[in-house]
Amino acid sequence: MDRAMDHAPGAPAVLDRGREAYEASLAAMRDYTGARDAASADQLWIVEHPPVYTLGLGADPSHVLDAHGIPVVQTDRGGEVTFHGPGQAVIYLLMDLKRRRRDARLYAREFVHAIEQAVIETLAAYNLAGERHAGAPGIYIADGRWQGAKIAALGLKIRGNGCTYHGVSLNVSMDLAPFGWINPCGYAGLATVDMKTLGVDAPLAEVQQALARQLIDRLKG
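So in UniProt numbering, spot 1 of the sequence shown is number 1, and the numbers just go up one at a time.
There may be inaccurate statements among the hints.
Think about it this way: if two alpha-carbon atoms lie no more than 25 Å apart in a straight line, the pair counts; the simulated PhoX-like pairs of lysine-lysine are [as the list claims (entries may be wrong)]: (1) K220 / K98; (2) K98 / K157; (3) K157 / K196.
Keep in mind that the hints were calculated from the coordinates and are not lab data.
My request is simple: use the sequences and hints to build the entire structure.
And the structure:
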């Protein structure tokens with residue numbers, strides 16, 4: 001059952017859906033977005049998924065090198081192939097961008113920038129330095145042994161009515177081996193890391209809440 005969190009006026013509502021199969025989350029996101037109207041609440045959904053590979057609309061299936069029995073699901077988000085699994089903080093953003101600007105497409109770049117900044121600030125709270133890489137959405141480690149490794153992925157769907165779904169994933173404490181069985185986000189040999197490998201042993205629920213708060217701060221109406 002969804003667990004709603006308190007939220008400030010004008011901020012998106014936050015629902016914690018717990019651990020849920022990816023296909024169930026995807027169907028629910030589509031249903032909510034398809035049924036919403038101008039009065040429907042913007043929402044952030046916190047989810048943890050069992051192991052799954054997801055492909056973006058333009059993804060090349062050959063970037064799944066060996067799925068090792070992990071399900072591969074075609075989605076309607078942007079981006080390439082990525083992995084979701086236990087120990088990863090996933091937040092889906094069901095937002096009406098036209099509430100922020102008449103032309104939702106023009107606002108989309110600012111929207112992505114705000115999501116990435118929320119991840120950077122979440123990492124900074126744990127003394128980890130994250131950065132953007134031009135042309136490669138997501139967040140990467142900025143220094144140290146793991147410099148350049150990807151720690152957060154981002155993929156969105158923006159419908160013609162300006163409403164979004166899909167979202168962002170931050171690796172907290174995961175089995176990272178499945179990232180080695182794909183070309184993450186279409187990049188052969190791209191290193192992927194989680195917060196635990198970087199020395200941060202934080203509970204998943206704590207990081208989920210921290211990331212949700214950062215997103216709310218940047219996405220309030």
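Pair hint outcome, K157 versus K196 [Cα-Cα no greater than 25 Å]
Violated, at about 30 Å.
Are the Cα atoms of K98 and K157 separated by 25 Å or less?
14 Å, holds
Holds or violated: K220 and K98, Cα atoms, limit 25 Å.
Since the Cα atoms of K220 and K98 sit roughly 13 Å apart, the hinted pair holds (cutoff 25 Å).
The earlier numbered hint that this structure contradicts is number 3, and it is the only one.
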